[in-house]
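**Student:** Sequence:
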Amino acid sequence: MQSSDRQFVQQLLQNQRRIYGFVLAMVADADAADDVYQDACMKLWELADQYDPERPFMPWACGVAFNVVRNHRTKARRDRHLFDEQLLSELAASYHAHETEIEQRRIALAECIGKLAPQQRRALELSYDGQHTMQQAAELMKRPVGAFYKQLQRLRRALAECINRRLTGGIES
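To convert, note that position 2 of the sequence shown is 1 in numbering that gives the first Met the number 0; the numbers rise steadily by one, no gaps.
There's no promise every hint is true.
Below are the DSS-like pairs computed for lysine-lysine, each with C-alpha atoms no more than 25 Å apart in a straight line [said to hold, decoys possible]:
#, residue 1, residue 2
1, 114, 74
2, 74, 42
3, 114, 149
For the record, the hints were derived by calculation from the structure and aren't laboratory data.
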């Protein structure tokens with residue numbers, strides 16, 4: 000596999016959930032979205048040599064996926080539950096606007112978590128890793144459950160404030 004192919008596959012893998020989310024937002028049916036997403040991935044691979052690695056991947060990939068969605072809609076016009084073309088375009092624009100905001104929040108969250116003390120990060124990891132109950136997480140942190148819940152509440156509030164400061168350009172302390 001050539002270096003450019005590897006880079007393309009890496010971009011595709013890093014963005015697969017976001018591309019699927021875009022397709023799902025356009026199709027609004029999980030079963031159909033699975034099929035359309037697979038078709039979109041095939042089309043992306045077919046057009047890989049047309050991708051300019053100097054430009055952002057997601058807008059290009061979503062443009063390709065958008066065309067695959069439109070082709071899917073053309074084939075399925077008999078189904079009257081499909082959105083009209085204008086609504087589909089509005090949904091795509093709305094998705095991109097929200098995707099940008101979500102990505103900014105995701106980056107701000109990562110930066111804010113990075114500023115936490117190691118014990119605070121550990122408390123968050125244990126509570127969100129999906130492998131521990133709150134009771135188990137509290138025990139691992141050597142805290143009563145009630146105190147652990149209170150700690151998480153304070154951490155969430157501090158993270159929300161940190162994210163809002165970062166997004167509004169406030170000074171980070």
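**Student:** Work down the list of hints and note, for each, if the structure agrees.
**Tutor:** Okay, the hints, checked on the actual structure:
no. : hint      : verdict
1   : 114 - 74  : 51 Å, violated
2   : 74 - 42   : 17 Å, holds
3   : 114 - 149 : 20 Å, holds
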